[in-house]
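Undergrad: Here are the chains, one letter per residue:
Protein chains: 2
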Amino acid sequence: MTEHSLWRFSRAFHRAINERRPEDLEALIDDDVDWTIYGPIDMFPFLGARRGKAAVLEVCRQIADNVRILRHDRETVMLGVDSAATMLRYSLTALDTNKPISLRLAHFAQFKAGRLLNIRIILDTFDLVEQALGRPIHLPKFASTF
Amino acid sequence: MTEHSLWRFSRAFHRAINERRPEDLEALIDDDVDWTIYGPIDMFPFLGARRGKAAVLEVCRQIADNVRILRHDRETVMLGVDSAATMLRYSLTALDTNKPISLRLAHFAQFKAGRLLNIRIILDTFDLVEQALGRPIHLPKFASTF
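So the sequences go chain by chain: V and B.
Note that my numbering has the first sequence beginning at -2, numbered continuously upward.
Note that my numbering has the second sequence beginning at -2, numbered continuously upward.
Treat the hints loosely; a few may be bogus.
For identical chains, the list gives no copy identity; a pair is met inside one copy or between any two copies.
Result set (DSBU-like, lysine-lysine): computed pairs, CA atoms no more than 30 Å apart in a straight line [stated by the list, open to error]:
{"id": "1", "residue 1": "Lys50", "residue 2": "Lys138"}
{"id": "2", "residue 1": "Lys96", "residue 2": "Lys138"}
{"id": "3", "residue 1": "Lys50", "residue 2": "Lys109"}
The hints are simulated quantities; they were obtained by calculation from the structure and are not laboratory data.
Throw the hints in and build the complete structure from the sequences for me.
TA: What follows is the structure in structure tokens.
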């Protein structure tokens, strides 16, 4: 049984971020990859949509410029033949402030011939913004029905 | 081939929210269910963690008090025997203001004997907060490395 593409991609991604070695990652990304991390791009320019291998490698470089991964825990993993859905928690360090950031995210990925073809990542962005600001944002209550 | 528990649960959930008929949902929830929607509970008290059938039915009632589902589109679905991971887009109406809210979310669910045992939902909460406020929140740029 061959290893699922997710594990190889995941190792290469972490190496690209933490060791700034994107070479392994490059071989695991389809030329026509479709990549989206949903979130506020005004604050975090490395979120948002990217198309094509060069743009994805560049955004991985930008992520590596901004955070270091201390730890990741996979809470749920579902694997298909060429697909994967995962919920994980990341413990990160923001490089410019040295602040810890804790993040839970879900990603849905599709692979083709062992290379990443499509990935969509959703995260609890409000929590991320508050951690990056280092202070809570005051919010009114949404509803009056409680 | 029997229908996957996800579809039955999904229909009953939408009926509970839009028609305020929780009876069908009640039969599809395990007594010991573990339920979490990650997000800012100060603004949205119906987010957060709930444990047990009564608490989950109550939170569904609170969601039904606050929003109506206009439309949902499943973008990705992965099914296991007793599990499911889905990425969807919801078009909602906020009932107190009549404002439209568009929401993308990921959920990971486990079922036992056809009943929901565990669900974790992640959403792009910053986008949700801005839509509920009806105005953008000004954010500083996270990094200076671009």
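Undergrad: Each hint: holds or not?
TA: Here is what the structure says about each hint:
no.: 1; hint: Lys50 / Lys138; result: between (43 Å within a copy, 26 Å between copies)
no.: 2; hint: Lys96 / Lys138; result: both (29 Å within a copy, 15 Å between copies)
no.: 3; hint: Lys50 / Lys109; result: within (14 Å within a copy, 41 Å between copies)
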